[in-house]
Amino acid sequence: MKPPAPYLPAAAPALSETDQEALTDLYVRGTPENTLRAYERDLIYVTAWKSARFTTTLDWPESEATALAFILDHARDLGDAPPEDPARQVAEALITQGLRKSLACPAPKSQHPITRDVLEQLLATCRGSRRDCRDRALLMLGWASGGRRRSEIAGLMQEDVSLKEFDKKGVLWISLLETKTTQKGETPRLVLKGRAAQALVHWIEMGEISDGPLFRPISKADRVLKRCLSPDAIAQIVRHRLKLAGLPEGFASPHGLRSGFLTQAALDGAPIQAAMRLSLHRSMAQAQKYYDDVDIAENPAADLLG
Numbered sequence: 004m005k006p007p008a009p010y011l012p013a014a015a016p017a018l019s020e021t022d023q024e025a026l027t028d029l030y031v032r033g034t035p036e037n038t039l040r041a042y043e044r045d046l047i048y049v050t051a052w053k054s055a056r057f058t059t060t061l062d063w064p065e066s067e068a069t070a071l072a073f074i075l076d077h078a079r080d081l082g083d084a085p086p087e088d089p090a091r092q093v094a095e096a097l098i099t100q101g102l103r104k105s106l107a108c109p110a111p112k113s114q115h116p117i118t119r120d121v122l123e124q125l126l127a128t129c130r131g132s133r134r135d136c137r138d139r140a141l142l143m144l145g146w147a148s149g150g151r152r153r154s155e156i157a158g159l160m161q162e163d164v165s166l167k168e169f170d171k172k173g174v175l176w177i178s179l180l181e182t183k184t185t186q187k188g189e190t191p192r193l194v195l196k197g198r199a200a201q202a203l204v205h206w207i208e209m210g211e212i213s214d215g216p217l218f219r220p221i222s223k224a225d226r227v228l229k230r231c232l233s234p235d236a237i238a239q240i241v242r243h244r245l246k247l248a249g250l251p252e253g254f255a256s257p258h259g260l261r262s263g264f265l266t267q268a269a270l271d272g273a274p275i276q277a278a279m280r281l282s283l284h285r286s287m288a289q290a291q292k293y294y295d296d297v298d299i300a301e302n303p304a305a306d307l308l309g
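Remember, this note's numbering sits 3 above the position in the sequence shown when you count from 1.
Because the hints were derived from the structure by calculation, they are not lab data. C-beta atoms are modelled at their ideal positions from N, C-alpha and C, and glycine is treated no differently. Misleading hints may appear alongside valid ones.
[Said to hold, decoys possible] Derived SDA-like pairs: lysine to any residue, alpha-carbon spacing no greater than 25 Å straight-line: (1) Lys171 to Ala199; (2) Lys171 to Ala157; (3) Lys171 to Ile212; (4) Lys196 to Ala84.
[What the hints assert, rightly or not] Derived Cβ-Cβ restraints for the label pairs, each shown as a range: (5) Glu211 to Ser165: 14 to 22 Å; (6) Arg198 to Trp63: 49 to 57 Å; (7) Gln92 to Glu36: 48 to 56 Å.
Can you make the complete structure from the sequences, with help from the hints?
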């Protein structure tokens, strides 16, 4: 009697070219345009980095050694490195190509969240001009509506703001076209209340914004222009207000409006699910990071007994 033949698992079927195209189409349709653009910029940067560092193209999947070299090259301030340092030489080449801003160690997130007390310091620098009025409304909307990203604020149109309930309830409804995690037509409306709603209505009236871009450049003669502010211009506004408030350079970035909103929600004891309904985070784990950053001594639950 012959022994049974050993079991050999069937080889995994190879995807056809049609299947691969269908998967790519599914990925593209399921990923917001802003995210796709961010991935494209990252891929361009990494490709240029490897070409300058190792004079070769990217592999897929990339080797572990290359990935570790990339991390090490970006984990320190290269301004202190000697001129012959390979990482510094590559960084200088990328700066020349316009793909990198400086030799400083990249810091993708704001060092400090713009919590309520910091926001109040920024608002105190906004006094009576049209520019002050615009910046006050921009900062308050960006913070109070859930911590909006620069691109989301820049993309807002006057038509995206509903004033129907403002006179009776003091409430505005904001319709975002899309966000990093939602596509056109899928973004829920956001609410703006209290001082933030009042500041935005005041800007719409003072800026005579009847249609078109909600937030616009203002000329040196204090005249409101017709075009929209760019995301970079919004970053400049945040940096300018931080400087006027007397805060140190690099204290926070525009992302601080987003991280500050979630941090303040945690400090005030707001349920994370409620905060996420405004911030539009899809990942509980990602939003939870901001809650975890709050010192446990500041957690309202620590005062339950009084």
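Checked against the structure, which of the hints given earlier come out wrong? 2, 4, 7
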